[in-house]
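Under my numbering, residue 459 is the last one in the sequence shown; the count climbs by one each step, no gaps.
FYI, nobody ran anything at the bench for these hints, they're computed from the structure.
Ideal Cβ positions, reconstructed from N, Cα and C, are used throughout, including at glycine.
One or more hints might be untrue.
To be verified - The calculated lysine to any residue pairs, modelled on SDA-like cross-linking and capped at a C-alpha distance of 25 Å, are:
id, residue 1, residue 2
1, K189, F201
2, K395, T363
3, K431, R405
4, K431, R371
5, K351, K280
6, K431, E356
7, K395, Q407
8, K431, G393
9, K358, N420
10, K358, Y409
11, K358, N445
12, K431, E384
13, K280, R268
14, K358, T413
15, K280, F264
16, K351, A340
17, K351, G443
18, K431, N445
19, K351, E384
20, K351, T403
21, K351, G382
22, K189, I244
23, K431, A400
24, K351, F245
25, K431, G382
26, K189, E109
27, K189, L162
28, K395, A436
29, K351, I244
30, K351, D408
31, K358, Q346
To be verified - Label pairs and their computed distance ranges (CB to CB):
id, residue 1, residue 2, range
32, P80, T111, 16 to 22 Å
33, G25, S64, 34 to 40 Å
34, N420, G443, 27 to 33 Å
35, A279, K351, 53 to 59 Å
36, A430, L262, 54 to 60 Å
37, V412, G443, 33 to 39 Å
38, H410, V267, 32 to 38 Å
39, L252, E121, 34 to 40 Å
40, R268, I396, 46 to 52 Å
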Amino acid sequence: MTPSPASSGPGTSGLDIPVVTVAPGSVATTTLTVRNDSDIVEAYSLEVVGDCAAWSTVEPARVSLYPGTSETVTITLSPPRSPEIRAGERPFAVRVLPAEHPEAVRVPEGTVRIEAFHELETELVPRRRRGWLRGRYRLAVRNQGNTPVQVEFTPGQPGEELGFAFDPERPRLEPGESVEVGLRVRTGKPVWFGTPAVWPFTLTTTEVVPEPADAGEADTQEQPRTEDSVPPAPLDAEFVQIPIFPRWLLALLALLLALLLLWFTLVRPAVRSAAKDAAKEAVQPRPAPTAGATGGQDTGGGTGTTPGGGQGTTGQGSGNGQGTGTGTGTGTGTGGGTGAGEQLSQTIEVKANAGETKPGVYTVPANTVFRVTDVVLANFQGDEGVLTFSFGGRKITTIALETFRNQDYHWVTPIEIAANETVTVEVTCAKPGTPATGQRASGCNEVLNVSGVLARTTS
Numbered sequence: 001m002t003p004s005p006a007s008s009g010p011g012t013s014g015l016d017i018p019v020v021t022v023a024p025g026s027v028a029t030t031t032l033t034v035r036n037d038s039d040i041v042e043a044y045s046l047e048v049v050g051d052c053a054a055w056s057t058v059e060p061a062r063v064s065l066y067p068g069t070s071e072t073v074t075i076t077l078s079p080p081r082s083p084e085i086r087a088g089e090r091p092f093a094v095r096v097l098p099a100e101h102p103e104a105v106r107v108p109e110g111t112v113r114i115e116a117f118h119e120l121e122t123e124l125v126p127r128r129r130r131g132w133l134r135g136r137y138r139l140a141v142r143n144q145g146n147t148p149v150q151v152e153f154t155p156g157q158p159g160e161e162l163g164f165a166f167d168p169e170r171p172r173l174e175p176g177e178s179v180e181v182g183l184r185v186r187t188g189k190p191v192w193f194g195t196p197a198v199w200p201f202t203l204t205t206t207e208v209v210p211e212p213a214d215a216g217e218a219d220t221q222e223q224p225r226t227e228d229s230v231p232p233a234p235l236d237a238e239f240v241q242i243p244i245f246p247r248w249l250l251a252l253l254a255l256l257l258a259l260l261l262l263w264f265t266l267v268r269p270a271v272r273s274a275a276k277d278a279a280k281e282a283v284q285p286r287p288a289p290t291a292g293a294t295g296g297q298d299t300g301g302g303t304g305t306t307p308g309g310g311q312g313t314t315g316q317g318s319g320n321g322q323g324t325g326t327g328t329g330t331g332t333g334t335g336g337g338t339g340a341g342e343q344l345s346q347t348i349e350v351k352a353n354a355g356e357t358k359p360g361v362y363t364v365p366a367n368t369v370f371r372v373t374d375v376v377l378a379n380f381q382g383d384e385g386v387l388t389f390s391f392g393g394r395k396i397t398t399i400a401l402e403t404f405r406n407q408d409y410h411w412v413t414p415i416e417i418a419a420n421e422t423v424t425v426e427v428t429c430a431k432p433g434t435p436a437t438g439q440r441a442s443g444c445n446e447v448l449n450v451s452g453v454l455a456r457t458t459s
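Let the hints inform the model, and build the full structure from the sequences given.
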């Protein structure tokens with residue numbers, strides 16, 4: 001801080017103020033001498049003008065001088081420690097305004113050289129991350145200094161179990177600018193069993209020589225002097241590597257193994273022994289009835305029924321004997337009823353474009369009756385629209401397609417569909433869905449499977 005005298009007065013030219021160097025957050029002063037070269041008493045108002053006016057003062061701000069006298073005023077420069085006060089040279093001026101002769105105003109000029117200071121704010125979120133093999137963190141860096149900087153990050157850990165990756169690796173920050181850097185931490189090998197492994201690490205942010213923003217910038221450009229700066233403290237964090245198979249899963253596997261051993265050693269032999277005893281008791285011969293003291297007479301009769309369902313005639317027999325009575329019976333029958341039939345499963349597939357209504361039909365063969373017991377609907381594409389299915393002339397139900405992917409119906413009492421009648425499926429496609437391929441289908445596609453017993457109706 002070097003005082004620099006200057007003078008100003010009516011009829012004389014103002015002298016420029018020499019360069020003043022000041023560090024942000026501190027105070028620098030210089031002086032200016034004002035002389036009255038007029039022949040009257042004059043009052044002068046002094047004011048700092050320019051970019052530095054917000055943090056500069058003149059003391060005293062007003063002086064009164066007799067002719068031929070002078071007075072020295074003090075100019076105080078106190079730039080705040082803020083990124084808004086960029087490092088480098090800034091012009092400033094002091095306006096000296098006479099009260100009696102305002103046309104004789106003088107504006108001595110000077111230059112203030114603002115020193116550079118460096119200050120970084122860093123924050124790591126979260127400080128603790130859990131994962132099987134890798135973890136992601138967010139590192140926020142803000143340049144609180146008054147000069148552009150380029151930063152790099154240095155991780156540290158007791159061992160070499162972790163790998164680190166930064167994105168971006170070396171960001172450049174203007175004064176007051178902030179950036180969020182992604183940090184990925186990865187372990188070399190997994191932990192299969194046991195307790196979680198805790199890997200602590202530190203993260204240090206340092207400044208490097210910034211690359212010039214303009215490739216054509218002259219290397220000889222004078223750089224502002226930099227004050228000593230304390231680097232930010234290292235950030236502490238840790239990565240908790242959890243095992244692939246947790247402890248509770250091992251306990252569950254041990255319990256299942258114990259139950260399996262218990263089954264094979266105790267329960268299964270007891271079940272097999274009980275089953276063998278029941279089988280032996282079932283095949284054991286029953287004792288023959290003993291002879292009675294008196295003779296008896298036994299009559300027997302039987303009726304026969306054909307598989308078709310017709311009633312046969314009744315046969316009777318008689319027998320005489322001593323002690324025990326025996327009976328014989330025979331039955332014959334003929335009929336023309338319906339048979340038991342065979343199982344039948346029929347699939348009806350309906351395809352319709354968006355906005356169309358299309359039916360699908362299955363016709364029951366002649367001389368048969370279809371007894372339906374089960375129906376399964378499939379909307380595997382996830383189409384939207386309406387589906388209606390009917391048996392013969394009876395509408396069974398109407399369903400909105402978007403409410404299901406698979407739907408089934410079952411009847412204890414079969415629904416009979418006579419010969420030449422139909423099972424009809426009618427689909428109104430509102431919007432085709434997206435199948436497992438991941439591409440939207442060009443049309444709706446629905447499937448109905450109807451099953452039951454198909455029986456003949458003639459002898």
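Checked hints:
| no. | hint | in the structure |
| --- | --- | --- |
| 1 | K189 / F201 | holds, 17 Å |
| 2 | K395 / T363 | holds, 16 Å |
| 3 | K431 / R405 | holds, 15 Å |
| 4 | K431 / R371 | violated, 34 Å |
| 5 | K351 / K280 | violated, 59 Å |
| 6 | K431 / E356 | holds, 10 Å |
| 7 | K395 / Q407 | holds, 17 Å |
| 8 | K431 / G393 | violated, 28 Å |
| 9 | K358 / N420 | holds, 21 Å |
| 10 | K358 / Y409 | holds, 22 Å |
| 11 | K358 / N445 | holds, 11 Å |
| 12 | K431 / E384 | holds, 5 Å |
| 13 | K280 / R268 | holds, 18 Å |
| 14 | K358 / T413 | violated, 30 Å |
| 15 | K280 / F264 | holds, 23 Å |
| 16 | K351 / A340 | violated, 35 Å |
| 17 | K351 / G443 | holds, 7 Å |
| 18 | K431 / N445 | holds, 11 Å |
| 19 | K351 / E384 | holds, 13 Å |
| 20 | K351 / T403 | holds, 19 Å |
| 21 | K351 / G382 | holds, 13 Å |
| 22 | K189 / I244 | holds, 11 Å |
| 23 | K431 / A400 | holds, 12 Å |
| 24 | K351 / F245 | violated, 47 Å |
| 25 | K431 / G382 | holds, 9 Å |
| 26 | K189 / E109 | violated, 68 Å |
| 27 | K189 / L162 | holds, 10 Å |
| 28 | K395 / A436 | violated, 32 Å |
| 29 | K351 / I244 | violated, 47 Å |
| 30 | K351 / D408 | holds, 20 Å |
| 31 | K358 / Q346 | holds, 18 Å |
| 32 | P80 / T111: 16 to 22 Å | holds, 19 Å |
| 33 | G25 / S64: 34 to 40 Å | holds, 35 Å |
| 34 | N420 / G443: 27 to 33 Å | holds, 31 Å |
| 35 | A279 / K351: 53 to 59 Å | holds, 55 Å |
| 36 | A430 / L262: 54 to 60 Å | holds, 56 Å |
| 37 | V412 / G443: 33 to 39 Å | holds, 37 Å |
| 38 | H410 / V267: 32 to 38 Å | holds, 35 Å |
| 39 | L252 / E121: 34 to 40 Å | violated, 48 Å |
| 40 | R268 / I396: 46 to 52 Å | holds, 47 Å |
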